[in-house]
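Listed in order, the protein sequences are those of chains A, B and C.
When the count follows the working numbering, it moves up by one through the first sequence with no breaks and lands on 249 for the last residue.
When the count follows the working numbering, it moves up by one through the second sequence with no breaks and lands on 1471 for the last residue.
When the count follows the working numbering, it moves up by one through the third sequence with no breaks and lands on 2482 for the last residue.
Restricting the straight-line Cα-Cα distance to at most 20 Å, the calculated cross-link-like pairs of lysine to aspartate or glutamate (DMTMM-like) are:
{"no.": "1", "chain 1": "A", "residue 1": "K5", "chain 2": "A", "residue 2": "E60"}
{"no.": "2", "chain 1": "C", "residue 1": "K2347", "chain 2": "B", "residue 2": "E1055"}
{"no.": "3", "chain 1": "B", "residue 1": "K1348", "chain 2": "A", "residue 2": "E51"}
{"no.": "4", "chain 1": "C", "residue 1": "K2353", "chain 2": "B", "residue 2": "D1362"}
{"no.": "5", "chain 1": "B", "residue 1": "K1053", "chain 2": "C", "residue 2": "E2068"}
{"no.": "6", "chain 1": "C", "residue 1": "K2067", "chain 2": "B", "residue 2": "D1054"}
{"no.": "7", "chain 1": "C", "residue 1": "K2067", "chain 2": "B", "residue 2": "D1051"}
{"no.": "8", "chain 1": "C", "residue 1": "K2400", "chain 2": "B", "residue 2": "D1345"}
To be clear, the hints were calculated from the coordinates, so they are not data collected in a lab.
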Amino acid sequence: MLSIKNLHVAINGREIIKGLDLEIHAGEVHAIMGPNGTGKSTLAGVIAGREGIYDITEGEITYKGKNLLDLPIEDRAREGIFLGFQYPVEIPGVSITNFMRTAVNEIRQYKGLPQISAGDFLKKMEEAKKLVGIQSKLTNRSVNEGFSGGEKKKNEIFQMAMLQPELAILDETDSGLDIDALKIVANGVTALRSDENATIVITHYQRLLDFIVPDFVHVLFEGKIVKTGGKELALELEAKGYDWLKSEV
Amino acid sequence: MEILTKDFSLAAQMVKLFDDNHDLIFKSDTPEITDRRKIALEVFKRLGFPDNKDEKWRNTDLKKSLQAEYNYYFEPTFQKGIDLARIFQCNIPHLETDMISQLNGWFISENGGIKKHADGVIVGSLAVAQKEFPDLFDQHFGRYADNEKSGFVALNNAFACDGVFIYVPDNVQVKMPIQIVNIIHHDQNIFVQNHNLVILGKNSQLQLVQCDDSVDHQRSLINTVTEVFIGENASLDHYKLQNKNDVATLINSLFFHQERDSRLSTNCITLNGGIIRNENYVRMNGENCEANILGVYLVDKFQHVDNQVFVDHAFPNCQSSELFKGIVDDSARAVFNGHILVRPDAQKTNAYQNNKNILLTDKATVNSQPFLEIYADDVKCSHGATVGQLDETAMFYLRSRGISIENSRMLLMYAFAAEIINHIKIEPLKIRIDDMVKKRLRGELSVCEQCVLHCSTMEKPINFEIDLSKI
Amino acid sequence: MEKDGNTILDEVTKSEYKYGFYTDIEMDMAPKGLNEDIIRFISAKKNEPDWMLEFRLKAYRYWLTIKEPNWAHLHHPAINYNEIIFYAAPKKKKQLAGLDEVDPELLDTFKKLGISLEEQKRLSGVAVDAVIDSVSVKTTFTDTLSKLGIIFCSFSEAVQNHPDLVKQYIGSVVPYTDNYFAALNSAVFTDGSFCYIPKGVRCPVELSTYFRINAANTGQFERTLIVGDEGSYVSYMEGCTAPQRDENQLHAAIVEIVAMKDAEIKYSTVQNWYPGNAKGEGGIYNFVTKRGMCRGAASKISWTQVETGSAITWKYPSCILMGDHSVGEFYSVAVTNNYQQADTGSKMIHLGKNTKSTIISKGISAGHSSNSYRGLVRMTRRAENSRNFSQCDSLLLGDKCGAHTFPYIQTENKSSIVEHEATTSKISDDQLFYCQQRGISAESAIGLIVNGYAKEVLKQLPMEFAVEAQKLLSISLEGSVG
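Chain A extracted, bound-state conformation (with noise of 0.2 Å):
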């Protein structure tokens, strides 16, 4: 589903992500960890396609077979790759409500699809809702503004819902959030998921994987991942710390 090889990425000109190969296929969860600064974030913004940051000196990305790199953002987007944001922007006035219904439509007029029915609309969001356990209210609200951390990660995942997408990246989703919450975004995720769809979850963490429990643990480091294994690799991460890494490359 997405070819990554040998990507290269400069941020005002200092390498941020110095050749990373990586291989997803539909079904499949992988775990990208690291520590802080290592290239993690960056490589979700890549493949999200934010533009004017990142410059994309050297390899390739292809997804579903097209070149990804020479696709916009929301074109991506329409494609279904999801991006769970690290720190989701606030836009004040902007109900939810209007904000889904919005992105529903530009997707699926991108399909060839009509618009969907108001009803229709109604009853996914409520599905939507449940799954990540969000009062009604929630949805009258503007986007982001005023959410504690706990809800505006929750609201990724429901907007993930709504959308779903074919690949996920959900980047950082389980910082800053409390067992219970983290439960919740967890098991969100875990119920999206099937042999259809694939999802990158992007953490500093491994107390997130007991809940989704990846395929594939890779592990950044420098700009390129060092080391790939299973379930049991987070574990000895979490045990051994990032140190250990930098004795074994």
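Add chains B and C to chain A, keeping to what the hints say.
Okay, now just chains B and C, sitting in the frame of chain A:
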């Protein structure tokens, strides 16, 4: 000495005075400086003195000040028999400054009017600097003080004969703060126009304290222009302390010209005065400049203080912050006009402006005009203004702890002013001003026979054990 | 690649002004220019009593002695008052009794504007007074209203049928000496709406006036007077459009509102005069004086405006809070694009005790436009315990436009509190990226964000207007940033 009478327009008399005294005014000029003076006078002829019809002067009425009788001097003037040493002794405990003095707008010295220090720093009289350092003088004099800003600036640029001259060469960090004490002491009404020029070279650093005081109760009209050039990556820390008598009119125009990467912090503390008008112009003439413009004013009786701040963001990535706070009592009036201009290409500008006032009586007046004029899109600008009273909940809290109403009020007023005072980076000065503000709030500070910084007895401070940050 | 801001702006400017058509109606016109004869001509045309003519002449003579104000942040070539036609009216043979007698061309014009003058097809719950080139052509719903004692008619009719009321209130809030354009309007105003709500009556429908400039070379000078007697309530809406022309046309209106004890008056405007083309040619010069007087205790006047049109807007809807406990509100969204210039805001003059005012102003600038907020909040000595809160935000789309804020705060008593806050920002890249990542195009994202930004003001509008205003905002700005 020339006498300016109240029977004719002061503006017309000034034009005549200029024309009649070319020899005195131009005596040390290069032809270029003479030309600049003549141009300035032409601008003055066109602008005249400002009146209330001028949008920028709507709230400050100078009619009375402009229709009085004044003496005007082209030579230094002192009263006979006064003890200069006594007037100018500064008594801030532990404050070590390199002090320079002006009396009635004229530089006072014992060492030929100018001193060049070993590190190349030059401090002295503007009149002498004009003769001894003509290159530096011509390069900067009248370059930043824009005649068009007001008739006062143009008039000063035309007449300026003396004032303070400071030059800090490239890469020199001046260790000891320089203090300019400007005192008006005369037995007649007097019109004074002095012009200060401060030049900071590349990577240099200076702390400058400017004190304006009166030591008698004669009427005076003071028109001061200060031009400050802050070179690349230089840093200026500037304080202005104003304690004038109730019949003094002080027009203080400050022009700060910042080159790239430079830093400016200016703090204006107004404790007393008849009519005080401070015009602060900051031009950011390069990227990555930073300016903090602060002020606090405590006015009562029929005093009038008017702070005008104009920040010109001409280049990208600069940052400016303004905070002016005032407590206005009796029938006093406080005016604030902040104007931030962000020019079309000054992207990534970060500008902040705030004016907060406490009104203590129904006769006091506050006019606040925090303006934003923005032509670039990638900017973050905000401004705010509030006029109100002491917070009732805070008052209740203090009184419920057994503090008297008077002390509670004082504590809160002090806390209000302290936000500005805390920005003073010269510790002894901070302690002194802090003390003066407390005294001022208790009504104990008056314009005494001596320099105001000379009030030597430290009062017992009121007890500040309560953690004000918790209120 | 980041999308170039200018290309998107170009696309926006191509979106045509949809009301730019012109209707060919037989007109009755005065010769160009202004003198006392023209004023007598207008007054005679309208069959006015002597006191009305006197009022006009006094205003005209005063106008001759004063100069056009120049303090606003606006630039335009001098207006030549001798090139303007000060009276233009659709020709009619006699007094109209029913809709059948209205010129079918005219009916068609209003139909094109989406306003039906046929009562059976009217907007539900809205009574309309339609004014074309300053002359009222038709007022709907009058019978229903008159049963309640509500007077809603054209200003000319009011002068004929309710001279005492008009005489009592005209110029009582905006005297002809108020300013240059108020003096001009007082001299030459041709029509407008008049509305009186009697004691204790809550007007059951929204009252609405629709203004249309049609003829070329004319100025529009209408005058609206609304009086809410004790304990009454009314919500009033005003809309406006003009044909697309290359020359600038002058619009100098006056709106006066009087609220007696416990009365509440809500005045909403969606101003969509022709703004000129993408090069800044043509468009309406809109110099308007709007002021309300909260005369009685606990009265309330609320202004809401959505300003998207006009080449130049000079307008400061204000409240004089005379009665104790009276309330003044001002909610505004002003959008400028291309070469439009707006200098708009509000004045809140607190005279009574415990008075309260709120100002919420949202400016949005795009293209080469200039958008200024200018406002005055004054707490006089008597206005004890009064409060004001002002929030003035500016949103910038593009780097060729300007957004300015000029608040004036004057406080003369110690018990009042005035708070002013303002921010200037642009739509952040983070917000755009977030929306785009959800599959929303940059253009829709901006529409969403702008409507969200203006929401606080839009929600103050009556339903019928809110929808129109929202659409208008999107049309004026769709996708103005890359």
